[in-house]
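Chain by chain, the residues run as shown.
Protein chains: 2
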Amino acid sequence: MTKIVQPSVDPFYFHYPSGATLVTSHAGGRSNLMAVAWHVAISRVPPYYAVSISSKRFTHELIVESGEFTVNFVPWEERELVAKVAACSGRDVDKFAAFQIETEAGSQVKAPVLKAAFAAYECRVAGHYPYGDHDLFVAEVVAVQWERSAFTDDGRLDLESVSPVSYMGEDRYVTAAQEVYLDRGALVGEALEIARRR
Amino acid sequence: MTKIVQPSVDPFYFHYPSGATLVTSHAGGRSNLMAVAWHVAISRVPPYYAVSISSKRFTHELIVESGEFTVNFVPWEERELVAKVAACSGRDVDKFAAFQIETEAGSQVKAPVLKAAFAAYECRVAGHYPYGDHDLFVAEVVAVQWERSAFTDDGRLDLESVSPVSYMGEDRYVTAAQEVYLDRGALVGEALEIARRR
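Going down the list, the sequences are from chains A and B.
Quick note: the first sequence uses our numbering, first residue -12, plus one each step.
Quick note: the second sequence uses our numbering, first residue -12, plus one each step.
So that you can see chain A by itself, here it is in the shape it has in the complex (with noise of 0.2 Å):
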């Protein structure tokens, strides 16, 4: 494809689909939830974890006192829960309440996790860097919580049971679909094959 260049890189963000999150945090005995696509995978073992949260969010100010988030994988079904708890701060609304939110205990953390989630986990703040208009909070993922029926004996997720949700920036969500598997040491040995007879 003959791409378009350009050194200014708005609108950069909507290049691909992410993972809706929902994040939950608690301190001072106040709690909140926001949506988060911002959100990685840093390392397996030990595992860490991080999500990019502007310094304006009440979650981040949850997140600087308590040193804690917990990190919320929702279904489809939870789509319209995601755009909710996107539209509205939590130092005007107590989502929970108003969104009528079910929560169980964090089993590390005290952020609450939702049950409505398919898997969660529990963080600790590792590391804090500001970048730009967001802050990247890295942390070690001290628990998680999953559904087993959402998983197959493998540790994969179950498509057939759980669709989830991505975010494709402006208010538009997608689910996965179309999952194939492809054995990456048959395809690479037949093209390395194919590759020494040209």
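Rather than coming from a laboratory, the hints here were simulated on the basis of the structure.
Any given hint might turn out to be false.
Note: identical chains are not told apart, hence a pair may lie in one copy or across any two.
Mimicking DSS-like on lysine-lysine, the simulated pairs with C-alpha atoms at most 25 Å apart in a straight line are [stated by the list, open to error]:
{"no.": "1", "residue 1": "43", "residue 2": "-10"}
{"no.": "2", "residue 1": "102", "residue 2": "43"}
{"no.": "3", "residue 1": "-10", "residue 2": "102"}
{"no.": "4", "residue 1": "97", "residue 2": "-10"}
{"no.": "5", "residue 1": "97", "residue 2": "43"}
Fit chain B to the given chain A structure using the hints.
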């Protein structure tokens, strides 16, 4: 959902789909590309983006040496390329030659951009943070290359024109489907009105 709670987190990275990107790098006359599912936007103004890469990878060596990389978003048609790139190391194979990958020059960095990508970010490293078994490279996005036909006039990825590739772990890939627009303002207004009446 009643969840299993585990203090051990393995295998925590299979819980949701994550965009399957191809990251290119170039240093000392050598180029490489690798498949990266652990990537994230951090800031919009100015734009920062991060990738998490094991220090064992050839790409890690090239990024440390050059301070540069590109992140390429490829369409569903290229899913087998992603699997092949993921199946071998640039220390053993010139992947560009072996898989006949066409590239274009970066406009601001020496790492190449993939012709097959519908969008690519040119990145210059601003921070480098080892966490567990991977290193997080935070970079300024110094240019964006994007295929006009893949995006709508208002800058969204056009799913009628292009299907992005996401990774599910364990050599499984998905694309995006069932796009919906959710009017967050209307949804939250209605929900808060119902809450007021309760």
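**Asked** When no copy is specified for residue 43 and residue -10, does a C-alpha distance of 25 Å or less occur within a copy, between copies, both, or neither?
**Response** Neither, since 35 Å and 32 Å both go past 25 Å.
**Request:** Measure nothing new, just compare the shortest in-copy and cross-copy C-alpha distances for residue 97 and residue -10 to 25 Å and report within, between, both or neither.
**Result:** between (47 Å within a copy, 17 Å between copies)
**Asked** Within a copy, between copies, both or neither: where do residue 97 and residue 43 come within 25 Å Cα-Cα?
**Response** Intra 22 Å, inter 36 Å, cutoff 25 Å: intra-copy only.
**Message:** Regarding residue -10 and residue 102, is the shortest C-alpha distance of 25 Å or less found within a copy, between copies, in both, or in neither?
**Reply:** between (44 Å within a copy, 8 Å between copies)
**Prompt:** Quick one: residue 102 to residue 43, C-alpha cut-off 25 Å, is that within a copy, between copies, both, or neither?
**Reply:** neither (27 Å within a copy, 38 Å between copies)
In this structure, the earlier hints numbered 1 and 2 are contradicted, and the remaining ones agree with it.
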